[in-house]
Amino acid sequence: MKIENNAVAGTLESSDLQVAIEPIENGIELDITSSVMNQYGRQIKATVLETLERLEVTNAKVTIVDKGALDCTIKARVECAVFRSCGKSDKNLPWGGALK
Amino acid sequence: MIPRPRPERFRLRRSMMFMNAQKPGLIKDAYIYGVDSIMLDLEDAVAENQKDAARFSLYHALKTIDYGDTEVIVRINGLDTPHWQEDIRVCVAGGADGIRIAKCESAQDVLTVEKAVEEAEKEFGVEVGRTLLMAALESPKGILNAYEICAASPRMFGVAISGGDFRKCMQTKPTVSGVDMLVARGQMLIAARAAGVQCFDTVFTDLDDTEGFLAEVRQNKEMGFDGKSLINPKQIRPVHEIFAPTEKEVAQAEAWVSAFREAQAKGIGVFTVNGKMVDVAFIPGAERTLKLAKACGMYEGDLV
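Going down the list, the sequences are from chains R and D.
Number 35 in my numbering belongs to position 35 of the first sequence; there are no gaps in the numbering.
Number 113 in my numbering belongs to position 113 of the second sequence; there are no gaps in the numbering.
I should point out that these hints are in silico values taken from the structure, not numbers from a laboratory.
Please note that a few of the clues may not be correct.
Unchecked claim - List time: in silico SDA-like cross-link candidates among lysine to any residue, alpha-carbon distance up to 25 Å: (1) D:Lys122 / R:Lys67; (2) R:Lys91 / D:Gly125; (3) R:Lys67 / D:Gly125; (4) R:Lys91 / D:Ala195; (5) R:Lys91 / D:Arg193.
Unchecked claim - Simulated coverage check for chain D against chain R, where a stretch passes if three residues somewhere in it have a Cβ under 8 Å from a Cβ of chain R: (6) 13–19; (7) 24–30; (8) 79–92.
Claimed, not checked - Examples of chain D residues toward chain R, derived with CB under 8 Å: (9) Asp52; (10) Ala53; (11) Thr64; (12) Phe124.
Where a beta carbon is used, it is the ideal one built from N, C-alpha and C, also for glycine.
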């Protein structure tokens with residue numbers, strides 16, 4: 001998917017994370033801030049990159065502020081931000097396809 | 001992915017607790033409370049501009065979190081909104097046990113949802129007929145049409161009244177005696193029993209008024225409700241305690257059922273147990289008491 005507009009998903013509440021995504025031209029630029037950076041930073045990064053790859057996002061600036069979210073929440077927020085950036089988050093989503 | 005067993009249309013549903021599907025902190029450990037059913041909410045708890053985000057969150061929760069024996073129902077947005085069709089797709093794709101239809105007013109509303117559910121089951125390769133339905137009656141029209149709603153589909157397992165919206169329509173407010181909703185609750189109960197589905201009462205929203213809450217739950221049980229909608233984990237235990245049968249009721253039910261089975265084997269229809277006449281009409285109720293007792297850990301026999 002091609003990132004078309006700036007988009008945000010998620011909150012700064014405990015167990016959640018906020019994902020901001022912006023269109024850029026030269027690959028993936030990822031910035032992560034987390035309340036559990038030392039323990040889980042690597043895992044969070046892996047989950048974010050894996051989700052972007054599954055959605056075939058190759059160019060994007062992604063800024064994450066994590067408040068101790070589970071993997072399933074990280075996926076949900078990244079996916080939501082990507083689909084919002086394309087204006088396609090409201091209907092006919094590929095549940096069980098690209099989203100899994 | 002967590003495979004969930006095929007949903008049971010009739011199971012114990014004393015407590016059905018609402019949870020905002022948009023809040024990861026809530027839904028990640030909803031199963032630890034020992035509630036019979038959780039109702040993940042896509043409707044009123046989710047702000048209008050977060051409906052999309054709530055679906056992503058719901059989908060991954062359904063696919064990832066092991067809810068064990070807790071039933072997982074999703075409350076979808078009303079049929080007068082642009083959200084309900086995608087809500088149904090995500091519920092079915094995620095494998096929710098059932099869908100709660102908000103603001104249901106007619107059998108046609110149930111059929112409209114059923115059609116979309118069946119389409120989604122085919123789209124996502126889910127067994128057709130797996131996803132159960134329940135309806136929330138929130139308006140005078142919904143209450144007047146309660147029977148046709150209850151009987152509209154073999155997927156229907158129950159109906160619930162939604163006090164907030166109903167009182168708004170009726171221009172009343174909650175009363176200690178429950179008189180404001182007495183007729184509506186009664187009519188819905190009669191309709192549910194006539195159609196052979198379960199019936200659930202509305203939420204009690206004043207968390208500080210423990211006495212009021214307990215009184216309402218006791219009245220629910222006396223009126224014949226199967227369970228109650230809840231908004232907070234601290235409401236679960238009192239509901240389970242009040243809905244549990246007494247030891248005396250369990251002992252009596254056990255005596256009746258075993259005496260009935262013996263009498264039946266001998267070709268006897270009516271008989272007495274401890275001086276009380278018992279016939280076949282008493283048995284379904286006694287069996288239900290034993291099933292409830294088993295679920296509450298009060299009965300370990302093998303009659304049910």
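Which hint numbers does the structure go against, in order from smallest to largest?
1, 3, 4, 5, 6
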